[in-house]
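Chains as they are written, first to last, in our numbering: chain A, 1 to 520; chain G, 1001 to 1429.
If you're looking for bench data, these hints aren't it; they were derived computationally from the structure.
It is possible that part of the hints are untrue.
[To be verified] Facing chain G, from chain A, some residues (calculated, C-beta under 10 Å):
#1 285
#2 454
#3 479
#4 482
#5 486
#6 496
Where is the CB? At the ideal position from N, CA and C, for every residue including glycine.
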Amino acid sequence: MGKTIETQVLVIGGGATGTGIARDLALRGVKVALIDKSDLNAGASGANHGLLHSGARYVSSDAEAAMECRSEGLLLKQIAPHCIEETGGLFVAVPGDDEAYIADFPRMCEASGIPCRPLDLKDAMGMEPCLSQDLIAAFEVSDAAIDPFKLSIENLNDALGRGGEYYDHSCLEEFILEHDKIAGARVLNTKTRETFLIKADIYVSATGAWAGRVASCAGVNIPMVYSKGSLLVTGQRMATRVINRLRQASDGDILVPGGVVSIIGTTSVRTDSLDKIFPSVDEVDLIINQGKQMIPALGNRRYIRAYCGVRPLVSAGGDGDRSLSRGFSLLDHAGDGVDNFITITSGKLTTYRLMAEKTSDMVCEKLGISSACMTRDLALPQTAGGKWTEPGVSLRQGAFSHKKEDHTLCECEMVPASAIDSIVSSIRKNSGKPDLLSIALRSRLGKGPCQGSSCSVRVLSHLYDRGEMTGTEGVDGLRRFLNERWKGEHALLWGTSLAQSSLKEMIHCGLFSLELESGE
Amino acid sequence: MTDLNSIDCDLLVIGAGFAGMVAAARASHLGLRTVLAGNSGSLIFVSGLMDYLGVYPMDAKGVLDDPAQGLACLQSENSTHPYGGISHEQIIQCFEFVKWILGKEGLAYHLSPGRNLPVLTAMGTFKPSFMVPRTMEKGSLLFGEKKRLLLIDIKGLQGFSARQAAGGLAKTLDEVICLTVEIPGITKTIPPIILAELFEDPGVQESFVRQVLPFSNRVDIAGMPAVCGVHDSLGIQQKIEKMTGLDLFEIPGIPPSIPGLRLKNAFEKRLAALGVKFLSNTRIKDPVFNGGKFIFTGVTDSGKLSISAKGAVLGIGRFFSKGLNAGRDKIMETLFQLDVRQPVTRSLWHGTNFLTRQGHKINQAGIETDQRFRPLKKGGQPVFPGLYAVGSILAHNDWMRLKSGSGVSLVSACTAVDDFYQGVTKAKI
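Next up, chain A with everything else stripped away, as it sits in the complex (with noise of 0.2 Å):
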């Protein structure tokens, strides 16, 4: 048995969600240490849209989502501007779709006060010149883009910075429950596989889709139900706004601008699964031929990567009064018998904040501490080592490019050397082990047209030629980055995707043989 941490609370989940409630809880003056099973943003708060809902996509289906999404879309303006980009938004509609729909969405965008302007078809194909020329709705919206990567870094940075810990690739092992109480929680790290103890007064679990493992080791059950969603990376951005298709919410129905990309999603596909998931094939052409029905040119762009995520969702017993609202769901586990044990699960990127700040304060009513959030008036602060995750931030940026002897890496995303040795010391300054995945979980490595054939072989020979790597840490390395990027890359190569992933294999099975010690 290895060390002992001992803090106030112990987060489990470096969401978008834990990170906020460790910002939120360390900015009230409470000791938090938050783990994660592999490293920021792993699930759903890495694979969405990164779309700050205006609210209009639920006003049909859920006002009172609608309406959270609207205010807490407003505040996260004011204090996270460094990680959104002000698109706004449209909704569209093409032949075919529900006429009652249309004609009931602005009544019912004002019933949720959610502002929603009526436009003319000419104007919104001139605002857009990449949507359908067969447009018969339009309606201009708030929406925006939300970098979800920054904003958990960010959350991160300032939690660390206020005295919290955080530790990556640390597994929950086990509860050790005594009475009606967690009174530790055992944590193995995956990468060193050494084992330590934490022990704190109140434990959270924001693991979203994993809440339900999670809390069936503290012997609590909650009913959860999969759904996996896949979105596409387009090579160039195809729209200035954020589009949505105005019908009742279905596939490949919201192209949202992140960047210099695009990100066309989603779909929703029941799972058991939570690991070893893939976007399929038929989820990608599903969301081509359904999303160039309002953009003809989704039919033949370039797709640079596909990816997906699990919506949790706690299945709805009819006891409505265990969840603050239908957007999440807090749970307050004294009820089962583990009196400090707290559950945050399900919700919306749009309100990370707010569930942040409702589950801080159900923690520190546990622990008998009176202090308010802080989150909604305070701004959150920018930090160098959130820079890098936005996709062409350098065109725009260009601070790092003109030192003296920095050179760029990733030619793709124009990463350069000063950028990755910045990641890294951030990594080191948490005690992680840099490799490729971690570096590039914090920057836009690998995620250009390339899909990292050669920008992975020198960012790995400046880390040696750094003494950041040894051995064969380098290519064991490279194996993990090259298989993960994989997952987002074998259902979309078709046309000059797959002509530049046989380059990459050509360099990586062809020449560096590293398929004959993979270890399978």
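Following the hints, position chain G against chain A.
Below, chain G alone, put in the same frame as chain A:
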């Protein structure tokens, strides 16, 4: 369009990658009037290693020590692999032909007497190959022999770190020392091609030697990235060896590949000497087969020309070289619209593990031919009597997994051209 420039030849080789180059060399060597069309720039992506068969079957543990043994196994299974109808002796003869052709232009290759050669890569892994540039030959002696090794990287050259190449060697060797050599005047990133040209400067060579010399008593052999000159790389290497008293070898890495550039240069010079008409950067389209002859249109930036040929060799590569093109649901061959052997749906093209040893099914897709490398119609008959397909476009050869890329290219190119030649001479008699 009546006054098109026109060319008449015996054989048009389409595609100026490795297979096309070998086919054109073979054809002109046999005395055929040969035209080569294509872009030789793709050779910058080849490592310069020439593999025979490094792995067989694909799920075998480890690599093949003796490729002939793998070949025997392949043939006993009645494999549809392009090697299916070729003997070991024929394969060796084809390797020897290519070695001889390149040797004529001073690009020296080492052909293994029988065993696969383990070649150290920039990633620190070993790749089994069969015929390697002489400048890489000594590196293959590392394996199994206890030696003291100096690994050299060069400041400013991206993607190559001596420490990384050394990664797994500490276990096998007595001593591994890493050294970063600085080239005078180079402070920032330097492209490999510029660096290789710099290595031809005696001043740069002397500076390199000065930095390596202090280690010459502590090690037996030194490895460096494959940038030791564009022309006369072996001569430069031997000169440096003499000055340092150390055995030297080059290590292949990511493209752009200098050994590939040397191949391109050597082939282009030899083909010119052999009288091959090389239409570089000419795109061939609209093939017509009429009266026992092919008529093609060649398109360049400046205009069009008409090419008539008795036979054609298709060495246009796969997806990266655009010989094959994949839509969302189908793989097409881009010039003749030949039948492409392929999995029935896209969901079968790739597996979910990139680095699977079994390879991806799409890698087996390609053109099916008879044993003379003539593409076949659905009924099993050749599409045209004088049409051949060679190189990576052939079906049933996951060359990246089998380590058989260059071997299949040069064997199919030589075999196809020999077959065409026999047909032509028979017709004359």
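Hint by hint, here is what the structure shows:
For residue 285 of chain A, the suggested interface contact is upheld, since its CB lies about 7 Å from the closest CB of chain G, less than 10 Å. Because the smallest distance between the Cβ of residue 454 of chain A and any Cβ of chain G comes to about 5 Å, under 10 Å, the interface hint for this residue holds. Taken as an interface hint, residue 479 of chain A checks out: its beta carbon lies about 6 Å from the nearest beta carbon of chain G, inside 10 Å. For residue 482 of chain A, the interface hint holds, the least distance from its beta-carbon to any beta-carbon of chain G being 5 Å, beneath 10 Å.
Hint on residue 486 of chain A holds. Least Cβ distance to chain G is approximately 4 Å, under the 10 Å limit. Annotation: residue 496 of chain A was flagged as interfacial toward chain G, and the flag holds, the nearest CB pair being 9 Å apart, inside 10 Å.
The structure fails none of the hints (numbered hints given earlier).
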